[in-house]
Structure formats: C-alpha cells, structure tokens
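Engineer: Okay, here's what each chain looks like letter by letter:
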Amino acid sequence: MANPVVRIEHLHKSYETEAGTFPVLHDVNLVIEPGEFVAIMGPSGSGKSTFMNILGCLDQPTSGRYFLDGADTGNLDSDRLARLRNVTIGFVFQGFNLLPRARLTDNVALPLVYAGMPRNERNARAISLLERIGLAGHVQSFPNQISGGQQQRVAIARALSTRPRLLLADEPTGNLDTHTGAEIMNLFTQLNREEGLTVVLVTHDEDVAACASRLVRFRDGVVEHDGAVAASESGVPA
Amino acid sequence: MILSMLAEAWSAMGANRLRTFLTMLGMVIGVAAVVAMLAVGQGAQKLVNQTIASMGSNLFIVLSGGSASGGLRMGSGSTPTLTLLDADAVAELPGVGAVAPVQPGNSEVIYGASTWTTQVYGTSPNYLQVREWPLAAGEAFTDYDMRSANRVALLGGTVADYLFGEEDPVGKTIRIRNSPYLVVGALARKGQSLDGRDQDDTILVPVTTAQRKLFGSQFVGSVRFMMVQARSGDVMDQVERDITELLRARHRLNVDAENDFTVRNLTAVANAAASTTKVMSLMLGAIASVSLLVGGIGIMNIMLVSVTERTREIGIRMAIGARRRDILLQFLLEAIIISVIGCCVGVALGVGGAFFAERLAQTTVAVTSGSIILAFAVAAAVGIFFGLYPARKAAYLKPIDALRYQ
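Listed in order, the protein sequences are those of chains F and V.
Mind the numbering: the first sequence is residues 22 to 259 in the numbering used here, read in order.
Mind the numbering: the second sequence is residues 51 to 456 in the numbering used here, read in order.
If a hint is listed, it holds; no wrong ones were tucked in.
Simulated restraints, written as ranges between beta carbons of each label pair: (1) F:ARG240 to V:ARG442: 33 to 43 Å; (2) F:ASN141 to V:TYR446: 25 to 35 Å; (3) V:LEU354 to F:SER84: 27 to 37 Å; (4) F:SER99 to V:ILE347: 24 to 34 Å; (5) V:ALA427 to F:ASN50: 57 to 67 Å; (6) F:HIS200 to V:ARG442: 42 to 52 Å; (7) V:ILE347 to F:SER84: 39 to 49 Å; (8) F:SER99 to V:ARG69: 24 to 34 Å; (9) F:ASN141 to V:THR414: 51 to 61 Å; (10) V:ALA427 to F:GLU204: 48 to 58 Å; (11) F:ASN207 to V:ALA427: 52 to 62 Å.
Examples of chain F residues lying across from chain V (beta carbon under 7 Å, computed): (12) ASN74; (13) SER99; (14) ASP100; (15) ARG106; (16) ASN107; (17) PRO132; (18) TYR135.
It should be emphasised that the hints constitute simulated quantities derived from the structure, not laboratory data.
Don't be surprised by glycine CBs; every beta carbon is placed ideally from N, CA and C.
Can you make the complete structure from the sequences, with help from the hints?
Structural biologist: Next up, the structure:
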C-alpha cells in the first residue's frame, strides 16, 4: 500500500505570549490515506484551524512529527516547504484569497509560475481549469467582477493547478450562502469521488461535514472523535 | 519566470500610480542633480584644461632682469641679461626639450587699407613646439630665415581676421614699421589664455629680424625672455635648478649675488587652477549625491509601506508555493525598476538641464558617458541597497503570520 498522505504523530502546538504559554493542540495523532474525504469539526478555539495550518505547512508544530506524502516536514528548509505547498498541497481559504489585481487566469496560473512552468503551458492549464469549473466566459475578468461563489471556484481551480495530492479547505463555504455553499461542496465531492483526490476540510456546518466520508472532531486541542460519517448523515446537503 | 515577475512588479507599481510616481520623482531629482552638476563641473574642468593645454605643457619662462643693482631692484625683464647664446646653452641641458628665445614688441601692422596694432614676437621656430601651437596654413619660418634675419612673419588668427578678413594671408606681404614682411604661415587658433588675453592677437617673426631690423636690442643678441619646455613633468624641479645654475655660471655671478634673471614654472600655476576646478567639480557632485541618497531613502520608505500593505498578498503567495527568494526578488525588482526608470528620466532631465544652463549662463558643460554610467550604477545600487531591507522583511515573514495579517 502507498504511503498515507498524512501521518501525524504526537503533535503538540502552543503559542508563546507575554502572559505565558497557551497550548492549542495536545498530542494529536492522525493518519489520512489517499482518496479519503475528511471533515474536521469543532467549536471555535478547539484548535482545528491551527491544525489545518500545520497540515498546509503554513505553520510548524511545537513538537511531534508530521509526515506529508512520506516526507518528514520537520526536517525541511523553507524552500522545500514552499515546494510542498506548491506541488503537493492545494489550499482553499474561507476568504478566497485571490489576488485582486490579477485576472482570473493569472490567479489560477500563479502556483504554476512558482513551479517554473512556461507561460504558454500554464495559461493553457489555467484556461482549461476555468472551463471545468464553469467560468470559461470569465477568463479575462478580475476577482471583483464575479460573485463570491465564483471566486471560491477560482480559488479551488488555483489549488488544483499544480495537481496536488492533498486538497485542504479551511471553511470554504463559510462566506457563502447555503445554495452556493452546496455547489462548492458538490465540486469537492466530485473531485474526491471522480479523481480520488484526498480532501480535508474544516467546517462548522454539519451539512457540509456530511459530504465527507470521515469526521474528525476537535475539542480543547485534542481529537475527541474520529470515525466514519454516519450513513444517515451522508449525502449531499439540501 | 523573470519576465512574469517583471510584469508582476509593473502591475504592482501601476496599482498605486501616484505613489510610484512620487517615489520615482525622488530618484529623478537626485539623478538629474548629479548628472547636471557633474556636467557643469566637468565643463569647467574641460575649459581650464583646454586653456592650460593652449599654453603648452611642462613650461618655464626665464625672464631677464630681477637683479638688484646698487640697491635699486629692477623688475623682471627690465634689464637685458639673457642672450641667444644663453638660450642655446639652456637647450643643451639634459632635461630640456626645446627653448624659444623671445624678443617682444608692439607695432602697427598694415595690409592694403587695413591697419592693426598688435604684439610682435621675435622668436625661433622652436616657439611653435614649446607652445604646442600648430599652423593652420603655410609653413613656419626656418633656421635659414633666422640666420639671414629675413622679413617673414606668422600671423595669429585675430591679426589675420583684422588685416585680411576672408582673404588667405599666406603669401601676401604686410608692412610692419614700414618694412615689407612676407606672410609664410597662419597660426591655428588658441583662444584666451588663463589671464584672459587673446593669444591669437600676435605676429611671430624671426628673433634675429626683431633684434636687428624691428625693435633692436639693448646689446647684441639680447632677448627679453625665453620659454623652456622640459622633456616631462617629472624633471621640472631638476630642470629649474639646472637652468639657474647654468645661467649663474654663464653670467659669472658671485655666490652671494642675486640672480639677474627669474625662472618661473608656468605649469605649477596651471596645475593649481586645474586642481581648484577639480575640487569644485567634486564638491558639486558630492552635494548632488546627497539628493540621490534622499531619493534612495524615499524608495526604502515606500517599499516598507508597500510590504506592510501587501502582507496578506505575500501570505497568499507563500501559501501557494512562493519561496523566500521569489518574494525577495519580487520586491527587489520593484525597487530596482523604480530606481532605474527614475534614473533614465533623471539622466534625460540632467542632460537637458545642463545644456539649458549652458545656454542660460554661457558656461561650458561636458556630459561624459562616464557620468551617465556612474548615475546608472549608483541608481541600481541605491535600488538594490534600499530595496533589499524591505524585500528581506517581506521574504522572511512566516506564511501563517502573513496570511493572518489584517
């Protein structure tokens, strides 16, 4: 069997402030196999966002080990971590985080610039991704010219541009209305089922979590629950 | 990669046009000031150097007189103590290149209906070599003319203008003190001397002619002064001592007697003038450089603001795979583009300003490629130097901190 996409062993994270040390994550252990669709839930302050940031190599654990696609991320320098964020991981944010001055194609192609792909190739790939998410007509638009749901689709296209093994999404539907959110979730489900992409997403919304195949619940920095999404909960939210 | 980064930097600069323009303006003013000031300074230097070169290089002038006789000190050149034989002897000294004895006088000169009063120098053909003075037309008079005291003359440009106008003077006959002189050659123009005299307002005749037929001489073969050219600048001091020693011996002066001649080093005077203008030119450049520095600090300031403003953008870029060096390069490129474009405009403005100043103030300016290259190098260096700190600050942000920045 192939390496698990994610293997986390005894992960701790705490923040140093003037008032003292605040533990955020405590002894987290987690293995995510290729093709899984994991929803991470938990109340505010439970550490789920911090956990996502560590998964995305945006933040480093205080102690413990994180193997991404077999590589120990604790041993990597900043360039190698950047490469992981570029090629291995696709990250989708709650606030879309598109570059406002760049056209949609350029936004989608930006990770490919850092991957060193020639201009023609990356433009072609960006356009085909935009077509796939149904924004073929907006190739030359700027982010502020399209709706929030469309922006999130562009952000997903950007995350997919380098064909990552792991797609991370931090509350991707948090800024969208229910209907648009459902459309976005359809896209994630489709990517997971049809292409076998490993998806990890953080959400507050039980309906959103119901799209996943596995649910991990955080509370006070520890994993409180880790198991399959109940059959009754499974399915596309209304 | 670099192309798309350039496009990136360009669009970032375009996003805040007024700010980019103002930042650039600091650079433009700095570079323009440096280029213009250097042009003015180097123009002054060029002018002085030309004037110095027109005098001739490594020159001494040996004046007769300067002795005290019976407590009455006579001025230099007032008592005739130097002779053609002295000049011949000085010419034999080791470090001496050429010697030209001079017996000067003033005279009215006539050609046809035109008259002009000018300085007439009786001298030898060596004078042209010593003064580094080429001929514009004709030929110099010869040693044969010297021996025979022929009535031949070389005309300076100003004299030729007044007497002949557009006419070619060579081969014509002019009258000096009612005697006919054949014009054998015309001197090239030299322009003003350091003290403002018109060097072209002169006529050269053989020294023997001047002594015997024109002005006479107080005693046989005496001359008012001679010009001596040393072989190189390094032997000037030695030559000065040798001339003094030789002439004292030839004039049979006692050990305690004062010199009956005066040796002056003309090059030293010229060098002093040259170094003064050089210092002035450096001062101008240094003052202008301060504005370049201020322009650089302006760039740094704006880049720091830009990094702070775009912290979130930096975070997004890092999250999708930008390495530190990508971020560094991005901000550095912006700083360099601003400074280089500012520099281009500044050079154009500086050169234009320099020529405008030339028109306005009637001075000479010299825009050298060196000063433009210097301006570009300094601008690029300023861009890198003042861009590096903000760029590093951006590149070393932690991705998560940059992303969370509101």
